[in-house]
Amino acid sequence: MKARVTVTLKNGILDPQGKAIEGALKSLGVDGIASVRQGKVFDIELAAGADQAKAEAALKAAADKLLANTVIENYKVEVQG
Amino acid sequence: MKSAVLVFPGINRERDMARALKLASGTEAKMVWHTDTALPDGTDLVVVPGGFSYGDYLRCGAIAARSPVMDAVRTFAAGGGLVLGVCNGFQILCESGLLPGILMRNARLKFICQDVHLRVERTDTPFTAGYQAGQVIRVPVAHGEGNYTADAETLKRLEGDGRVLYRYCSPTGDVGDLHNINGAAASIAGIVSERGNVLGMMPHPENHVEDIMGNTDGRGLFAGLASHLARAA
Chain H
162 MKARVTVTLK
172 NGILDPQGKA
182 IEGALKSLGV
192 DGIASVRQGK
202 VFDIELAAGA
212 DQAKAEAALK
222 AAADKLLANT
232 VIENYKVEVQ
242 G
Chain W
116 MKSAVLVFPG
126 INRERDMARA
136 LKLASGTEAK
146 MVWHTDTALP
156 DGTDLVVVPG
166 GFSYGDYLRC
176 GAIAARSPVM
186 DAVRTFAAGG
196 GLVLGVCNGF
206 QILCESGLLP
216 GILMRNARLK
226 FICQDVHLRV
236 ERTDTPFTAG
246 YQAGQVIRVP
256 VAHGEGNYTA
266 DAETLKRLEG
276 DGRVLYRYCS
286 PTGDVGDLHN
296 INGAAASIAG
306 IVSERGNVLG
316 MMPHPENHVE
326 DIMGNTDGRG
336 LFAGLASHLA
346 RAA
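First to last, the sequence lines map onto chains H and W.
Here the first sequence is numbered in this note's numbering, starting from 162 and rising by one per residue.
Here the second sequence is numbered in this note's numbering, starting from 116 and rising by one per residue.
Since the hints were derived computationally from the structure, they do not count as laboratory data.
Owing to the predicted nature of the structure, the values given are computational and were not obtained by experimental measurement.
Treat the hints loosely; a few may be bogus.
No farther apart than 20 Å at their CA atoms in a straight line, the calculated lysine to aspartate or glutamate pairs in the EDC-like style are these [to be verified]:
no.	chain 1	residue 1	chain 2	residue 2
1	H	K215	H	E239
2	H	K201	W	D171
3	W	K117	W	E143
4	H	K226	W	D171
5	W	K225	H	D176
6	H	K171	W	D266
7	H	K171	W	E268
8	W	K117	W	D159
9	H	K237	H	E217
10	W	K225	H	E183
11	W	K145	W	D186
12	H	K226	W	D186
13	H	K226	H	E239
14	H	K226	H	D204
15	H	K237	H	D212
16	H	K163	H	D225
Turn these sequences into a full structure, and let the hints guide you.
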């Protein structure tokens, strides 16, 4: 079983890296981009025989304890059956 | 002064720090490895030095903040023990929950390595007792992520409770966007915990303690700590 944890900056948190990427895309002539916010994706392989609900709880704990800093970041956990 | 300097993989300022502590107090600091679960007996100051713990992977200080020795540091701080975190040490203290907020990427995205001026905001704390009120000191910074931020409520509390001890300023002590090198909220360079016993700061006072460096403005911080702890002992 595989899972993905996506960590993104909360609204209102200044994202200078996202701004720089946005500027680079605009200077490359990529059209139609209003704004860019950057974040992180963690692809996690779960141990064999993991149960969906338990896996979700474990991944939430992982995000709260380490993967995200909830002062500035939100996270989303997706377990792919 | 019985200081313990924490050592994590990737930390590189621990010897500078130990040298400054020795100069100020005459006592050798003990180096404490990150997997240790206890601080040396009689420790009265824990120092989290600068560097690049775990290569700044994930977020600066995030992995070091969750290492075994930090549980001992949390217990020590909860008992009122003095903790000083500099640069990566400040980031580690924020990530470990000992200080509020977080250090974000510098507003102009550049790694900044230069001398800066700091205004000492109050002198009635162990971390600032070696300075005069309103004194401006010159110390180096070397960081890519020193842009302090916290939610509006926390920032209001920090200001209201006088917990900002050091602020980026001009050589004459003016605070403003022009002198706020990394874009930190309210030009914050250093804050203390609610109880006032944990200080985190981005600049490196330990690098300006000897004449050979051309400036000894950093001495005041260590002298203040040493005399506070000598009185307490």
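Hint consistency between H:K163 and H:D225 [alpha-carbon to alpha-carbon, up to 20 Å]: holds, 19 Å
Restraint check for H:K215 with H:E239, where alpha carbons must lie at most 20 Å apart: OK: H:K215 and H:E239 at ~13 Å, within 20 Å.
Restraint check for H:K226 with W:D171, where alpha carbons must lie at most 20 Å apart: holds, 17 Å
Satisfaction of hint between H:E239 and H:K226, Cα-Cα up to 20 Å: Holds. H:K226 to H:E239 sits at ~17 Å (cutoff 20 Å).
Satisfaction of hint between H:E183 and W:K225, Cα-Cα up to 20 Å: holds, 17 Å
Restraint check for H:K237 with H:D212, where alpha carbons must lie at most 20 Å apart: Holds - the C-alpha atoms of H:D212 and H:K237 are around 18 Å apart, at most 20 Å.
W:K145 paired with W:D186 [C-alpha distance capped at 20 Å]: holds, 18 Å
Agreement of W:K117 and W:D159 with the hint, judged by alpha carbon distance not exceeding 20 Å: Roughly 5 Å between the alpha carbons, so the hint for W:K117 and W:D159 holds.
Agreement of H:K226 and W:D186 with the hint, judged by alpha carbon distance not exceeding 20 Å: Judged against 20 Å, a Cα distance of about 14 Å means the pair holds.
Holds or violated: H:K226 to H:D204, with C-alpha atoms at most 20 Å apart: Holds, at roughly 17 Å.
Pairwise hint evaluation, H:E217 against H:K237, where the allowed Cα distance is 20 Å at most: holds, 10 Å
Given hint W:D266 paired with H:K171 - CA-CA distance at most 20 Å: holds, 11 Å
Checked against the numbered hints above, the structure violates none of them.
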